[in-house]
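Visitor: Chains as they are written, first to last, in numbering that gives the first Met the number 0: chain W, 0 to 376; chain V, 0 to 398.
In short, the hints are calculated from the structure, not lab data.
Bear in mind the structure is a predicted one, so any value in this text is a computation, not a measurement.
Any given hint could be a false lead.
Subject to a maximum C-alpha distance of 27 Å in a straight line, what follows is the list of computed BS3-like cross-link-like pairs (lysine-lysine) [as the list claims (entries may be wrong)]:
{"#": "1", "chain 1": "V", "residue 1": "179", "chain 2": "W", "residue 2": "266"}
{"#": "2", "chain 1": "V", "residue 1": "30", "chain 2": "W", "residue 2": "329"}
{"#": "3", "chain 1": "W", "residue 1": "325", "chain 2": "V", "residue 2": "237"}
{"#": "4", "chain 1": "W", "residue 1": "314", "chain 2": "V", "residue 2": "140"}
{"#": "5", "chain 1": "V", "residue 1": "237", "chain 2": "W", "residue 2": "266"}
{"#": "6", "chain 1": "V", "residue 1": "254", "chain 2": "V", "residue 2": "30"}
{"#": "7", "chain 1": "W", "residue 1": "263", "chain 2": "V", "residue 2": "140"}
{"#": "8", "chain 1": "V", "residue 1": "254", "chain 2": "W", "residue 2": "329"}
{"#": "9", "chain 1": "W", "residue 1": "266", "chain 2": "V", "residue 2": "393"}
{"#": "10", "chain 1": "W", "residue 1": "325", "chain 2": "V", "residue 2": "284"}
{"#": "11", "chain 1": "W", "residue 1": "257", "chain 2": "V", "residue 2": "199"}
{"#": "12", "chain 1": "W", "residue 1": "266", "chain 2": "V", "residue 2": "199"}
{"#": "13", "chain 1": "W", "residue 1": "266", "chain 2": "V", "residue 2": "180"}
{"#": "14", "chain 1": "W", "residue 1": "263", "chain 2": "V", "residue 2": "179"}
{"#": "15", "chain 1": "V", "residue 1": "140", "chain 2": "W", "residue 2": "266"}
{"#": "16", "chain 1": "V", "residue 1": "284", "chain 2": "W", "residue 2": "329"}
{"#": "17", "chain 1": "W", "residue 1": "263", "chain 2": "V", "residue 2": "393"}
{"#": "18", "chain 1": "W", "residue 1": "137", "chain 2": "V", "residue 2": "261"}
{"#": "19", "chain 1": "W", "residue 1": "30", "chain 2": "V", "residue 2": "199"}
Just some of the chain V residues that point at chain W, by a computed CB distance under 8 Å [unchecked claim]:
{"#": "20", "residue": "9"}
{"#": "21", "residue": "134"}
{"#": "22", "residue": "271"}
{"#": "23", "residue": "336"}
{"#": "24", "residue": "343"}
{"#": "25", "residue": "361"}
Ideal placement from N, C-alpha and C gives every residue a C-beta, glycine not left out.
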Amino acid sequence: MDFSNTEEQQMLQESVQKFVQKSYDFDTRTKIIASEKGFSQENWDLFAELGWLTVPFKEEDGGFGGSAVDLAVMMEEFGKAMLVEPFIASAVLSGGVISEQGSAQQKAELLPKIMEGKLQLACAYAEQGSRFNLAHIKTSATVSGDTVVLNGGKTAVLNGPNAEILLVVARESGAATDSEGISVFMVDAASAGVTIQAFANVDGKKSAEIGLKDVSVPLTQRLGASGSALQALQDSVDRATLAVSAEAVGAMESLLHKTVEYSKTRKQFGTAIGTFQALQHRMADMFIECQLARSIVIMAAMKLDGGEDAIEKTKSVSAAKSRIGKAIQKVGQEAIQIHGGIGMTEELDVGHLFKSVTAAEIMFGNTDFHTQRFASL
Amino acid sequence: MNADFTADELQFEIEVQEFLQNDFPAEYREKVDAGIRLSKDELVLWQKILYKKGWAAPNWPAEYGGTGWTATQKHIFATEMGLIGAPEPVPFGMKMVAPVIMAYGSDEQKQRFLPDILQSNVWWCQGYSEPNSGSDLASLKTSAVRDGDEYVVNGSKTWNTYGQYADWIFCLVRTDTGVKKQEGISFLLIDMKTPGITLKPIVLLDGHAEVNEVFFDDVRVPVSNLIGEENKGWTYAKVLLTHERTNISGVPRGKRRLAALKRLAGNTDDGFGNTMLANAAFRTKLAEVEIELQALEYSELRTLAALSVGKAPGPESSILKIVGTELAQEMDELFVDLAGYNCLPFVPEQFEDGFQGVAIGPGNTAAAALTYFNNRKLTIFGGSNEIQRNIISKAVLGL
Chain W
0 MDFSNTEEQQ MLQESVQKFV QKSYDFDTRT KIIASEKGFS QENWDLFAEL
50 GWLTVPFKEE DGGFGGSAVD LAVMMEEFGK AMLVEPFIAS AVLSGGVISE
100 QGSAQQKAEL LPKIMEGKLQ LACAYAEQGS RFNLAHIKTS ATVSGDTVVL
150 NGGKTAVLNG PNAEILLVVA RESGAATDSE GISVFMVDAA SAGVTIQAFA
200 NVDGKKSAEI GLKDVSVPLT QRLGASGSAL QALQDSVDRA TLAVSAEAVG
250 AMESLLHKTV EYSKTRKQFG TAIGTFQALQ HRMADMFIEC QLARSIVIMA
300 AMKLDGGEDA IEKTKSVSAA KSRIGKAIQK VGQEAIQIHG GIGMTEELDV
350 GHLFKSVTAA EIMFGNTDFH TQRFASL
Chain V
0 MNADFTADEL QFEIEVQEFL QNDFPAEYRE KVDAGIRLSK DELVLWQKIL
50 YKKGWAAPNW PAEYGGTGWT ATQKHIFATE MGLIGAPEPV PFGMKMVAPV
100 IMAYGSDEQK QRFLPDILQS NVWWCQGYSE PNSGSDLASL KTSAVRDGDE
150 YVVNGSKTWN TYGQYADWIF CLVRTDTGVK KQEGISFLLI DMKTPGITLK
200 PIVLLDGHAE VNEVFFDDVR VPVSNLIGEE NKGWTYAKVL LTHERTNISG
250 VPRGKRRLAA LKRLAGNTDD GFGNTMLANA AFRTKLAEVE IELQALEYSE
300 LRTLAALSVG KAPGPESSIL KIVGTELAQE MDELFVDLAG YNCLPFVPEQ
350 FEDGFQGVAI GPGNTAAAAL TYFNNRKLTI FGGSNEIQRN IISKAVLGL
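So here's chain W without its partners, still in its complex pose (with noise of 0.2 Å):
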């Protein structure tokens, strides 16, 4: 048994660590998150050239080995600093959804351009009434010769302004829930009859509404086979509700940080607040529920490289989800309500870190989805 980082996971993370320290401060991200685009493509072009991108890729792809331990690693550190580069969305997701859902060809075409940091990706899959439920599919994709016209409305697209190709999941059969007839299609995002209402998510990152009216696009652009992509779906949003988890863990890393910082130096009633006991008890309830998430997450992260059955791999996901859900409240309410008003102020970093968390809980399923997933399993 050993939890310590390998070599290349060390590399890695001392990697990401040195970007964030020399070219990722509050400031930077703040100006990056009111820039036109919401994200640097300096950042993202450095992050192709140095390979971050690969990290989530199979070597068969053409990746760095697709190791969910390597990829919590980096997410991890990626959430300390609160990274705003779509990540998750364009190379996770989309490029998961590409890597278990395409043929041979669309695969060769595509993910080289996403691990060079060429093509940004959005994937289409949440609808108002679907909540988390990712069978939930009500945009419908009427196939007509060898055309395909899709009509419906998308929410939470991640990415969604900034991609130049979108992934639209829709249903060619079957009633709303059904796990048939659920296809992917790649919609070019300039095309006529998507309309996409783009901002910013409480945490940062670009996010948009997207509208599908009669839109007309080629029946070669189905990811594999009619009405199958469900299992690949759900593969790639655990994935990314490992990397979602790892970087929360990350934040929340932070947020304890942060706060006992902060209570080592705040003083009131002539001491610092750190030396009140109510508050260190507090403190080290903190400490403790980023050691829990921290664990399930690395658990998690584990039994989906490891030999586990499907069930066993989504079970753990979930159970990761779940346990850091509540850990997220608890260590984001405390960090605000120990800093006192000064954490509620947009120009303190704590601020943003709960706003972050926050957005974590909710994506890809928020604690109480998940614990019902884990049981229902």
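Based on the hints, put chain V in the right spot on chain W.
Guide: Coordinates of chain V only, in the frame set by chain W:
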């Protein structure tokens, strides 16, 4: 033992209900329901409607134009206001500075300030907290040095709510540095138009600048604006804090939000062909909140019963503050839970009056996260919940 209203009280309840149904503007109610902030003009107009009815100041004695109501009548009024979503008056004038002026101000000060507060002609803000004096308020450093008939004020105040709208600020200032910290503080009223005052807005996590930092740079204030005696300000401020802690349980607003949660849950798809009202985990949390609200309501009624036989509000009000604020935050979590992805967009401007764009998400679900963030303040301000627990430990448990 009974928790019944008398026949007169029941009659009064009907009168309040009828008034609010008829006179609380329908468009305000729509805005409140949609989570849109009411403007200063709208709040003033509503206060003037209340003033016309004679109900502008439920907590004031009749001699100053208040209602002279019993504790139970005040409770009924606050309940009905909360249930319909009518905003309470901005507290800084009506609930905070006015009681201090009544108790410790001169006759000249009473005549000068109280009528304008009652009619909402003049808006007040609070100058208490400082960057280095939060929970330890008595350590405040903003100084007022006597120079002839004036004080010269220097320093800064923070967490100043609605200072951008205020005409006057009431401040705690240090007038003696050579004594125990509580004994060198004075209570000073300052015209916000006085030269040397500048405001710096503080944007909070919901993207809205509802608070400010206020800077005082050689601000000259007439000595006639001092309340009571010099260096007695801390005593006056403590009286004010007891007033701040009445009606803090938020039970009526809680009931209104609980009803909204149930409605919303009934309209929110669970993604599996049902609504969230049928979701076992959500129902359990909803039930827990409802039960807690009932326990809080009866705690408040017990305090009220004690008040109506003449007992002063004691440290028990700390219970209402702690439980009321933490329960409100739990409800915020349930709204976030229901909203799901719909509360992720950070588009604060869509909840400002006059927003012309296309709102994101159905109804006001997108407001859920913003409210969740903003309401973290509830357990921090008005004497943080840590301070309230200290009060219970010391004053009630004798620890």
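Visitor: The structure should be examined with respect to each hint, and the outcome stated for every one.
Guide: Structure-based check of each hint:
Annotation: proposed proximity of residue 179 of chain V to residue 266 of chain W holds, straight-line Cα distance about 18 Å (limit 27 Å). Proximity of residue 30 of chain V to residue 329 of chain W is assessed by CA-CA distance (about 32 Å); at most 27 Å being required, the pair is judged violated. At roughly 38 Å between alpha-carbon atoms, residue 325 of chain W and residue 237 of chain V are farther apart than 27 Å, so this suggested pair is violated. Only pairs whose Cα atoms come within 27 Å are accepted, and residue 314 of chain W paired with residue 140 of chain V is rejected, the gap being roughly 57 Å.
For the suggested pair residue 237 of chain V and residue 266 of chain W, the alpha carbons sit about 22 Å apart, so the restraint of at most 27 Å is met. Annotation: proposed proximity of residue 254 of chain V to residue 30 of chain V holds, straight-line Cα distance about 18 Å (limit 27 Å). Restraint check: the Cα-Cα separation between residue 263 of chain W and residue 140 of chain V comes to about 22 Å, which is no more than 27 Å; the hinted pair holds. Using a Cα cut-off of 27 Å, the hinted pair residue 254 of chain V and residue 329 of chain W holds, with the two alpha carbons roughly 25 Å apart.
For the proposed pair residue 266 of chain W and residue 393 of chain V, the alpha carbon gap of about 21 Å is at most 27 Å, so the pair holds. Note on residue 325 of chain W and residue 284 of chain V: the hinted pairing holds, with a Cα-Cα distance of about 14 Å set against a maximum of 27 Å. For the suggested pair residue 257 of chain W and residue 199 of chain V, the alpha carbons sit about 25 Å apart, so the restraint of at most 27 Å is met. Pair hint residue 266 of chain W plus residue 199 of chain V holds up; C-alpha atoms about 24 Å apart against a cutoff of 27 Å.
For the hint linking residue 266 of chain W to residue 180 of chain V, the alpha-carbon distance of about 15 Å falls within 27 Å, and the restraint holds. For the hint pairing residue 263 of chain W with residue 179 of chain V, the CA-to-CA distance comes to about 25 Å; that is within 27 Å, so the pair holds. Restraint check for residue 140 of chain V and residue 266 of chain W: satisfied, since their Cα atoms lie roughly 14 Å apart, inside the 27 Å limit. The straight-line distance between the Cα atoms of residue 284 of chain V and residue 329 of chain W is roughly 17 Å, inside the 27 Å bound, and the hint therefore holds.
About 25 Å separates the Cα atoms of residue 263 of chain W and residue 393 of chain V, which keeps this hinted pair within 27 Å; it holds. At most 27 Å may separate the alpha-carbon atoms for a hinted pair to count; residue 137 of chain W and residue 261 of chain V meet this at roughly 26 Å. At roughly 21 Å between alpha-carbon atoms, residue 30 of chain W and residue 199 of chain V fall within 27 Å of each other, so this suggested pair holds. The beta carbon of residue 9 of chain V comes no nearer than 41 Å to any beta carbon in chain W, farther than 8 Å, and the hint placing it at the interface is violated.
Of the supplied interface hints, the one on residue 134 of chain V holds, with its beta-carbon coming within about 5 Å of a beta-carbon of chain W, less than 8 Å. Interface hint at residue 271 of chain V: satisfied, since its Cβ lies 6 Å from the closest Cβ of chain W, which is below the 8 Å cut-off. The restraint placing residue 336 of chain V at the interface with chain W holds, with a minimum CB-CB distance near 6 Å, inside the 8 Å limit. Residue-level restraint check for residue 343 of chain V holds (minimum Cβ-Cβ distance to chain W is 4 Å; threshold 8 Å).
For the restraint placing residue 361 of chain V at the interface with chain W, the shortest Cβ-Cβ distance is roughly 7 Å, inside the 8 Å limit, so the hint holds.
The structure fails hints 2, 3, 4 and 20 (numbered hints given earlier, in ascending order).
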